[in-house]
Every structure is written in C-alpha cells, then in structure tokens.
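S.K.: The chain contents come next:
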Amino acid sequence: MANRDIPLQSSPSDSDEPTRRDVILVAAAGFAAVGGAVALWPLLDQMNPDASALSLATTEVDISPVEAGQAITVMWRGKPIFIRHRTDKEIAQAKDTPLNDLLDPLARNANLPDDAPASDANRAAEDREPWLVMIGVCTHLGCIPKGQAVGDYKGEYGGWFCPCHGSQYDTAGRVRKGPAPENLFIPPYSFISDKKIKIG
Amino acid sequence: MAHPSTYQPGTGIERWLDSRLPVVRVMHDQFMAFPTPRNLNYWWTFGGILTFMLVAQIATGVVLAMHYVPTADGAFDSVEKIMRDVNWGWLLRYGHAVGASMFFLAVYIHIFRGLYYGSYKAPREVLWILGVLILMLMIATAFMGYSLPWGQMSFWAVTVITNLFSSLDSVIPGLGTRLVQWIWGGFAVGEPTLNRLYALHYLFPFLIAGVVVLHIWALHVPGNNNPTGIDVKSPKEAVPFHPYYTIKDGFALVAFIVLFAAVVFYAPNYLGHPDNYIPADPLNTPSHIVPEWYFLPYYAILRAIPGKLFGVAALMGSIVILFFIPWLDTSKVRSVSYRPIFKWFFWAFVVTCVALGYLGAQVPEGGYLILGRILTVYYFAFFLVIMPVVGLIEKPSRLPGSITESVLGPKEVPKSRGELKPEGVL
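Same order as they appear, the protein sequences are chains Z and D. The working numbering numbers the first residue of the first sequence as 1 and each following residue consecutively. The working numbering numbers the first residue of the second sequence as 201 and each following residue consecutively.
These are computed hints drawn from the structure, not numbers from a lab. Hints are not guaranteed to be accurate.
Across the chosen pairs, the derived CB separations fall in these ranges [as the list claims (entries may be wrong)]:
(1) 339(D) with 130(Z): 29 to 37 Å
(2) 59(Z) with 570(D): 44 to 52 Å
(3) 209(D) with 36(Z): 37 to 45 Å
Computed from a predicted model, the values in this text were never measured in an experiment. We treat Cβ as the ideally placed atom computed from N, Cα and C, and that holds for glycine.
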C-alpha cells in the first residue's frame, strides 16, 4: 500500500506541473479501467440469443388445409405465428376502417418500409388479400391473444382479444383498443408457392 | 452502539485465537453484551425472524437444487418428482415456497415497523437504505424463483414482467427489444431464460446475506431505535442483548414458526395459484395472470397507470422512492406515537398498501381501476407531499423525557419537569 505521508512527486512544492509519475499513474489507471470494461463484454454478450437460437431463423408452413374463416398457429423463433385465412366479410371490415380510427398508424410489416401506413393492403399478404400472417404476441406485455380457435372470443372488432389486459385487434391485426401500443407485428415471410409460406 | 469490549478470553485457546482473529470477541460484543434499549416491543423481533427465514430459504433451496432440473422439458417434471419421489421432498419444497411468503410477510412488518417508529431518521439513514436494497434483492430473487417450476403462471409471469422492459422502445426505438432479447437469450422466453434465472436465483440469496451483514453493521453503529424514538441517554436504559433479547426474539421466532408450520402442513397451496400446476405452454396464455400475493400492490400500481412506459416507471418508482424517505420526512420526531396528525396519514397508508394488494388480484376494470388509481396517487403523495409537509406544520405531542420515564412513568422526574424542554420538538 502506498504510504500517503511519503510524497509521490519528486518535488511536490515546485509547481502544479504534472510529473512523470502522474503520467504513469493516470496511464496505468486508464489502461486498467479500459481493459476491465472490455473484459466485461463477453460476460454480458453471452446472454444474447446464441447461434442455435439464430439458426431457427426460417420455417416453412403448408397452408393448403386452411379454409376461409380458419386460422392456424405455428412456431417461429419460439413465438406463435398466426396465419389466418380471412373471409370476404372480414376483409371488407378491415378495408372499410378509416386509417384515422387506428391507434397505431404504422403497418409494422417487416416486408415493407418502416413508415408504411397501416392500410389493410399493407397488413395482408401481397397480392393474396385473404391471408394474414402475424406474430401472435400482444404488443403490450407479450401474452398470446385469443381468436385463433373457432370458439374464441375475438373482441369487438372481430379479430383478436388479449385476455391479460384486454387489448383488442381487428381483422387486419391492428390494435383498436389499448393498452397495447402497436399493431401485431408481421414477420418477414414470402409465399414459395400457392400452398407454402416461408417465414423468416 | 459503540461500547467498550467486555470479552474476557477464558481459556488459552481463546486467548490464542483472540490475538489472531478476534471473531469470538466480535460475536460476544455484538450479539451477547450488545447494549439494547430496554423498552423494545415485539415489533422489534422481526429482524431475528428475517435472519432465520433467510437461513431457512438458503438451506431448503440448496437441497432442492440437488434434485431440480433447469431445462424447459425437465423443470416441471423434476418439481413433481421432488414432490412425489424425493425423500422429504414435499416438505422441502412446500417449506421453500411457503417460506418465501413468510419471508415477505416478515419483511413487510419489519418495514412498517421502521416507518412507524421513524427508524430511517438520522443517524440510521444508511441502515434504512441497505434495508431497501435487501427488499429489492428479495423481490428479484422471489420473482426468479417463481419461474423455476415452469408452470403456466411461472412462464407467463416471466413473459409479462420481462416485457416491461420493452417499454423502453418508446424512449429509444429498438432499445427495449434488444434488452428483452438479451434477458431472454432468444426471441421468446425459453430454456436459455430458465437457465439464467436459475443461476441467478442461486446467486442472489448470498448477495442478500452480504447486504444483511452490512445492515446489521449499520445497525450496531448507532444501536437500536426504540418505541419512543428517543435516544438511549444512560447505560441504565439499555440491557445486554443476551439474555434479554435472545429470549424475546426466540419466543417471537417460535410463534412465527408455528404460523409457518401451520401453512406448510395444512394449507401449503393456499398462497399459490392452481394454474402453476399446468406445465408451461408458450402457445396458450392463462385467462387471468396474477403474481404472488407479495407483489400484488406493485402490480396494482403498474396497471393503474395507462401507458406502458409510465406504468413501468410507477412500478419501479414505488420501490425506489423508499430510498429517499430519510430526506422526505421533515419531522424531527421519530416515533409516530408522538405525531398526532401524521398518525392518521400513516394508518391510511397501511390501508392503502393492503387495498392495493387486493386490487392487484382483481380485473382492472370499472370501479376497481378507478380505486386503483386513487390509491396509487395516495401511495406516492404519502411520500412526496404528506411526509415533507406534515413534518413542517405538525405540533408533536409531548415526548417523555427519557426511555426510563416512558417505561416507569413521569414520577421519577422532579417537579420541575414542566420546564424540561421535550427532546426533539421543534
């Protein structure tokens, strides 16, 4: 331990000019601080999704058995994906909704630019209007909304209803009643054929 | 409280050890001879009870860890195996699960004791801050422990609570999502999440134990507060901790253990939720998610605030605000017994906390939501408005001249007592 009674500087009373020893002390302390901070990074970064989690990036789904009015749920990256084959009435309902009535004006569609408006065309599959593909996770606190099964309560807007805190989504998966702040997210996906979707 | 050491090493071995590591001397001075106010009531026994609960939780937890499997497929089954196959497994698990509830019951009584008798005021601010730190560590530990059975409530409680951090997306876009994925180790709550919660659930109790040592150290510098809130003025007003308070604490501990045992043996699932006996299903959210009872007031505050970010801020704030109590309370009088106005606000606050706990278990709609909002406002107003303002305008009632006078009555005091300036009165 350094004894504070012994002056560290060669001639302490001379001036406030930094001495060689000051420079060495500051450099050593700075080096140790930066080195310590850098060494912390692996300890923190190990918690991020690992290679095996990232490798589950894509999944292919056969949608041929899904009739109009039906929906299926598949898993992608550990999350449920809602795939709904909408009826004409549901499509019309979503299309007739003025954009000004929406709580979240953005499409939240990973296949479109971030600022795309939340019109039904921007929410539904491109050129395949009846199909709606979304991440089935409420944007409030991550519960799974009801509305996929035939007998489920679908909320006042005929889409999905989150049982945890009462958020409601319409037939385009747009939030219509809080507390959820955002529309259900649309994952990156594409139709490989008329019967198959690739998610991710 | 600082006092000269009275330890006398009796044997040669004790003398040998004392000159090398005076651990026996410290134990004797701090836990046997330690001068303690003579008027402590039973509300002061919860510190000892809490020490026992921490030891009990660590002991049952370490042995449960010998049988628990922290994998998404194995966790639920391993807990059932503990319940059915492991020798005494049912007792160990029920003891640990009910023990968490008893731990919180004791800590909440301990905190309200500190609030009532002003134990956070100078010179005990650091003692109080360390206590709030222990509460926060306890909350984190209990939350992580509740995830481990990997039932439906475990899974969805973790999902909902970790998702709270995604509210940071509204401050810096993407920050909340990155943070939540970092906590999860994936894109949803899953096995990596369970593994890290298990690792940290094992770590945190030892952090608590470390802070408890500092807490007791910070207690033993100024010494105990007491029901009058008046400082000990002469050695006659204190008694040695042993045997006076070892007996008193011991008796209270036995009574507490009777209650603990009654719940473990006769109603072990009373405080739990039946949905947690359904294995976790990432595709199916239970219709009504409720946290354990000891988190219900915070949950009610979260849900009372519209808007995700502010709800989360209020939730955090409801605990963080406790750190600042020593400076929010402007009254010089410690004990609420001598504060005729603040007394009412204090008991209203106790009722508020209990009522918020009730509301936390209800569906946040209609009257429940309105009441939840009113009580949330009172919760914060108690600390931010009532504590500073009442302390300034209130005229405290006359304090007893000393602890002795409060115990034996004012007879001992000479006739001139009317001229004595009551201590602490502004």
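S.K.: 44 to 52 Å was suggested as the range; check whether the CB atoms of residue 59(Z) and residue 570(D) agree with it.
M.R.: 45 Å, holds
S.K.: Using the beta carbons of residue 339(D) and residue 130(Z), state whether their distance is inside 29 to 37 Å or not.
M.R.: 48 Å, violated
S.K.: Taking the Cβ atom of residue 209(D) and the Cβ atom of residue 36(Z), is their distance within the range 37 to 45 Å?
M.R.: 43 Å, holds
Checked against the numbered hints above, the structure breaks only hint 1 and satisfies the rest.
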